[in-house]
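Number of protein chains: 4
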Amino acid sequence: MSGNSFGKLFTVTTFGESHGAALGCIIDGCPPGLELSEADMQADLDRRKPGTSRHTTQRREADEVRILSGVFEGKTTGTPIGLIIENTDQRSKDYSKISEQFRPAHADYTYMHKYGVRDYRGGGRSSARETAMRVAAGAVARKFLEQRLGIRIRGYLSELGPIRAEKLDWEQVHQNPFFCPDADKVPEMEAYMDALRKEGDSIGARINVVAEGVPPGLGEPVFDRLDADLAHALMSINAVKGVEIGAGFGCVAQKGTKHRDEMTPEGFLSNHAGGVLGGISSGQPILASIALKPTSSLRLPGRSIDVNGNPVEVITTGRHDPCVGIRATPIAEAMMAIVLMDHYLRHRGQNGDVTVSTPVIGQL
Amino acid sequence: MSGNSFGKLFTVTTFGESHGAALGCIIDGCPPGLELSEADMQADLDRRKPGTSRHTTQRREADEVRILSGVFEGKTTGTPIGLIIENTDQRSKDYSKISEQFRPAHADYTYMHKYGVRDYRGGGRSSARETAMRVAAGAVARKFLEQRLGIRIRGYLSELGPIRAEKLDWEQVHQNPFFCPDADKVPEMEAYMDALRKEGDSIGARINVVAEGVPPGLGEPVFDRLDADLAHALMSINAVKGVEIGAGFGCVAQKGTKHRDEMTPEGFLSNHAGGVLGGISSGQPILASIALKPTSSLRLPGRSIDVNGNPVEVITTGRHDPCVGIRATPIAEAMMAIVLMDHYLRHRGQNGDVTVSTPVIGQL
Amino acid sequence: MSGNSFGKLFTVTTFGESHGAALGCIIDGCPPGLELSEADMQADLDRRKPGTSRHTTQRREADEVRILSGVFEGKTTGTPIGLIIENTDQRSKDYSKISEQFRPAHADYTYMHKYGVRDYRGGGRSSARETAMRVAAGAVARKFLEQRLGIRIRGYLSELGPIRAEKLDWEQVHQNPFFCPDADKVPEMEAYMDALRKEGDSIGARINVVAEGVPPGLGEPVFDRLDADLAHALMSINAVKGVEIGAGFGCVAQKGTKHRDEMTPEGFLSNHAGGVLGGISSGQPILASIALKPTSSLRLPGRSIDVNGNPVEVITTGRHDPCVGIRATPIAEAMMAIVLMDHYLRHRGQNGDVTVSTPVIGQL
Amino acid sequence: MSGNSFGKLFTVTTFGESHGAALGCIIDGCPPGLELSEADMQADLDRRKPGTSRHTTQRREADEVRILSGVFEGKTTGTPIGLIIENTDQRSKDYSKISEQFRPAHADYTYMHKYGVRDYRGGGRSSARETAMRVAAGAVARKFLEQRLGIRIRGYLSELGPIRAEKLDWEQVHQNPFFCPDADKVPEMEAYMDALRKEGDSIGARINVVAEGVPPGLGEPVFDRLDADLAHALMSINAVKGVEIGAGFGCVAQKGTKHRDEMTPEGFLSNHAGGVLGGISSGQPILASIALKPTSSLRLPGRSIDVNGNPVEVITTGRHDPCVGIRATPIAEAMMAIVLMDHYLRHRGQNGDVTVSTPVIGQL
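Quick note, the sequences are listed as chains A, B, C and D, same order.
Note that the first sequence covers residues 0 to 363 in numbering that gives the first Met the number 0.
Note that the second sequence covers residues 0 to 363 in numbering that gives the first Met the number 0.
Note that the third sequence covers residues 0 to 363 in numbering that gives the first Met the number 0.
Note that the fourth sequence covers residues 0 to 363 in numbering that gives the first Met the number 0.
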């Protein structure tokens, strides 16, 4: 209820601060009988891990996850899965300044107002480091969805500041440090990032996530529509400021005759809905897109106040991502996986397993 | 758990189909001692009501709400508030066609896949008629927030298809049938809608909602960030396809030096964050914006399939909104109110009442 | 979250005060396709109804339930089922005394401390009248469990004050106003109740509930054990002060060799566990027993205080049950049904439908 | 939702198997600013710890708890508190037998039916070892309740098989290995346990828990009554088969004139209600009592079946408690503390802090 859990039947509860002893997570409600080992999660964790290219923070974290419970003889048992990642790179440093100042556009000020105390080391609980556990939990959901239902969830960076990917070549996504699906734009992105780093500034990004093979019928009317839960999940990722499903804001200027996805026995003729009708999956690919703000940890000075309300000038040194969006693709995929997993179990609880009572039409 | 409830401490659970006997709602967790009568809700209900201008559906519903419990001698008692609106205009008509066909871009097809049965009369549970109860519940939250904390929640239509409001004059919002804050654009909107109606087509819209006077500290890390819950709430409104907080998708191409809202003892120097930092309210106005798709109920024929998978041509006759966004402003306000109310109670539960442990800086 | 909902997947939320306009309830999560009409609920409601014999309160309530949503063409649609019972016998009376005094052993004093206001008419929300909606919701669960899984849930009064039923003849339970399964004890009970009524006093009772045909596997470790949820459900019924599962308090003085229910391929050799092992159903009958306190609404004067803290003497006139336990059997059955229903859906969500992966052994 | 969480606002989620790598827990919703260290929990953990006398299992577990998050500079920060206890005494042994057989009256059979797989080492998740984490979490709640509200929670063993404590001398409770408040009965208990151990049998027990200083007003109508949540919490403890509040089953044969706790300006004249009226605390001490069954892990052979349904004779060797009730006192206290803590926060959320709107009368 205090917001550190997500999912109703596949429930992920996380703990941990950026510079605390460890990050951890409990997955409750995972179906039994799923083959699972640390390796299944490590692949996704490594994709999110800092320090894999010069374009992300140089903090070094092994991010090695350990399963503490819920798996026996290589299979999930249906009991809660306890996960832990020990923090290894907690560089001892002088926190006297940060403890007294509120960095602009950070959670320092709001945590202090909420709780009256805060763990100021590296942002504490508000650090994006927390998302490591989402990725680990998402990997479990993803494996189940793939094995059991054939669902495939993939994401990519579609915009890096002013640079927009114009081709969607899935093969390319993992060939560059940006998760960019358009190889032609990678050199431009590299140059842009190098200049930005030199400048000391940061930039926003847009990430798209696609789930294919989702059976029709997932999602609950009326408040827990599949798209509403997706919006919740994706907006809960650090730095996200916008979420679109399907046509998104593009539908503001669309006419109904264009937007409506006509159907034929062979399938839908378009997918402006993004795979969700009335909050329930239609069998088409689920399409989501998110905007990530530029990080506010800059070495360029900014105006702020201290804990006593006096004006100060803040400079953030240390190791930071100049574009937090770059590492966000695996996180967005993970949240999509958790939402779909949760809704699959919820659907199965009320309605029995997914079945085909009416003809499922083809996909676009 | 089946998605018909919203809110953890201020919990709104609704029921009712478009052409059923009644719509209803239970508000659980409302603080005791709030003066409340039907009139408090009726004003907002009337703003959402169909048939108030030629630009919305001509279905006539009195939408008269009745309080059945939880209020005694004019005040809330802390026990659940039961609300009901009887459906009056359930025009008897021939449903044989609609019962056999799936209207494109409607929930017909997905409800059928989910449940194997569906109430096809007027869209059943998937009808936007369900939002009447959100408006009623939102009015209770709004009244409490205003009286207890001085919070003011207001919305307006910022785009109608290709027409964009360029001025924000709150006085104008209720002077025209569009909730448009820019009087100069109203004639253009009227002409556009008249042409559209003649054409038989529909159009999308964008709605903005603003909450002023929100104390710093509301919102829960990490999954139930205030903005994540807002995204959930707003995306759960029928026809919404996108949600932005503050700068929204605009931050993709923003640099950090621009986006970060610098602070001085006199206040924040900008509000790109939209009043939320790290998922917690900062004391600045909360800014949200949503995209609503064009309705798919068109008298222009569209291709679809019937329940046996055969191709059909669908024409939707009857009374429909050519721009569902027009009536959406009160609904978006209501969802914002419910989210803030819920988070205020959640905050008070864990942390005690909102207090000022650090200086609250001025608002922009 | 404010306690007016029960069940995680089959969720029952109720509203309504004793002398308010109506009682109501929303059942969210009911599987689609169940044939359902008011008649299915009315039978159970009539068993709970006041005024059916001289041994219960003479308040006359038709307790006619009306389905407002969630059922279409005679079948549940999977959307929320709205139910309502209008209060008809709200005898206008002088409430000036009751509004100023706290009746001993009633909720008057505690509601006032909790909320600062209270609906004092007939106990308001704390009245046992609220249980009518539990019975209606329980009837839906019961019907599903019986049709889908062959589960049968039945209860009976095993003790009325000092008189104990010594035979369990299910045929007898509905042949007398006490739900007593031992016909020989009925005359004794009638005489006892007649004397008690003359005396102006009240008495406690014990009710047993049995569910047969429950498949093994229902119940969730570790906090939501089936027996823990049953204890919650049963203790939430007005006037209940104790709950036992299987041997209950009898096991305090039992040795392990006696208590353990040995198993053979033909079945368990005893059922001290009451059908629950490790919080999960074993396939044996679920056995629960509850204690109900004597009502405190007595015409014999009792010492109390008024709202200003002054001593007063309270006499409760009006129509009251001298043994609230008598009408509790259908309520206890309903709560058992709701718990089993909820756990069946929860089990199905995580694990798929109930199956037989290991031999199910016979029942005792 | 899969049952490994307890509490709505003070939420405890646990993981861990008897012979797995570790036990763990996340406490979400703890108020900020509470001084907290491992030592605060260790005292209670040590009271529950095995091997402290010859009357409990000789398994040696240090049960050393470590705080991984949520505490900074000695105080809680309001973010989730991660706790871990590494399992140290996982004696390697031959599990081939236990993996193929279902021990009678254990959860082996039901877990297998539920999940299709099970961690058979030491009972896996169904082991009472899981309760260590409840004790740790309960210690946090207990400290807050004591410091903030002056609430004191204490328990004792009132019956050990046929031996009943006849005096309640709180000083004695921690002077003997049984938590017995009657020093005169301790020699008898010791002799009884020695004989039982020789015999190879086990015995049940009764534990009472008392909370003093609870303010009036805690508890939520109607399903989450304070007593209903207590029943849930206490019945969820391993081996518990019965729960009583106040007079409990004693009220079956009580008359109303006796049961009703009359009030005077100086206080209540009795406490048959056990401190709860209408599900809400009255300001009197909360009184709960539970029955614990005798353990079924006996070296005396018992009849059972194996995983193929064949008859087998089961003998449980190894280290087991002949009376699991002996170590249950700290667990029952912990669950009482968690329930009260949760209800205090829930009350504060809806109603603001506990206040005295009407005179609080004296305690008995």
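It is possible that part of the hints are untrue.
Any copy will do: because identical chains look the same in the list, a pair fits if it lies in one copy or spans two.
Stated by the list, open to error - Computed list of lysine-lysine pairs in BS3-like fashion (alpha-carbon distance at most 30 Å, straight line): (1) Lys96 - Lys48; (2) Lys48 - Lys254; (3) Lys74 - Lys254; (4) Lys257 - Lys48; (5) Lys96 - Lys257; (6) Lys254 - Lys166; (7) Lys96 - Lys166; (8) Lys96 - Lys254; (9) Lys142 - Lys96; (10) Lys142 - Lys74; (11) Lys254 - Lys197; (12) Lys48 - Lys142; (13) Lys197 - Lys257.
Treat the hints as calculated values from the structure; they're not laboratory data.
Copy assignment of Lys257 with Lys48, given that the CA separation must stay at most 30 Å: This pair counts as between: shortest inter-copy Cα distance 27 Å, intra-copy 42 Å.
Alpha-carbon proximity context of Lys74 and Lys254, limit 30 Å: Neither. Shortest intra-copy (51 Å) and inter-copy (37 Å) distances fail the 30 Å Cα cut-off.
Homomeric proximity label, Lys142 with Lys96: Cα distance no greater than 30 Å: Neither: 44 Å inside a copy, 33 Å across copies.
Intra- versus inter-subunit Cα pairing at 30 Å for Lys96 with Lys257: For Lys96 and Lys257, only the inter-copy Cα distance (23 Å) is at most 30 Å; the intra-copy one is 56 Å.
Status of Lys257 relative to Lys197 across identical chains (alpha carbons, at most 30 Å): between (45 Å within a copy, 17 Å between copies)
Same-copy or cross-copy closeness of Lys254 to Lys197 [CA-CA at most 30 Å]: between (45 Å within a copy, 14 Å between copies)
Within, between, both or neither, where Lys96 and Lys166 count as close if Cα-Cα is 30 Å or less: neither (46 Å within a copy, 43 Å between copies)
Lys48 and Lys254: within-copy, between-copy, both or neither at 30 Å Cα: between (43 Å within a copy, 23 Å between copies)
Same-copy or cross-copy closeness of Lys96 to Lys254 [CA-CA at most 30 Å]: Classified as between: cross-chain Cα gap 25 Å, same-chain 54 Å, threshold 30 Å.
Status of Lys142 relative to Lys48 across identical chains (alpha carbons, at most 30 Å): Cα proximity of Lys48 and Lys142: one copy only (20 Å, versus 39 Å across).
Status of Lys48 relative to Lys96 across identical chains (alpha carbons, at most 30 Å): So Lys96 and Lys48 pass the 30 Å test inside one copy only (28 Å; across, 44 Å).
Copy assignment of Lys142 with Lys74, given that the CA separation must stay at most 30 Å: within (12 Å within a copy, 37 Å between copies)
In this structure, the earlier hints numbered 3, 7, 9 are contradicted, and the remaining ones agree with it.
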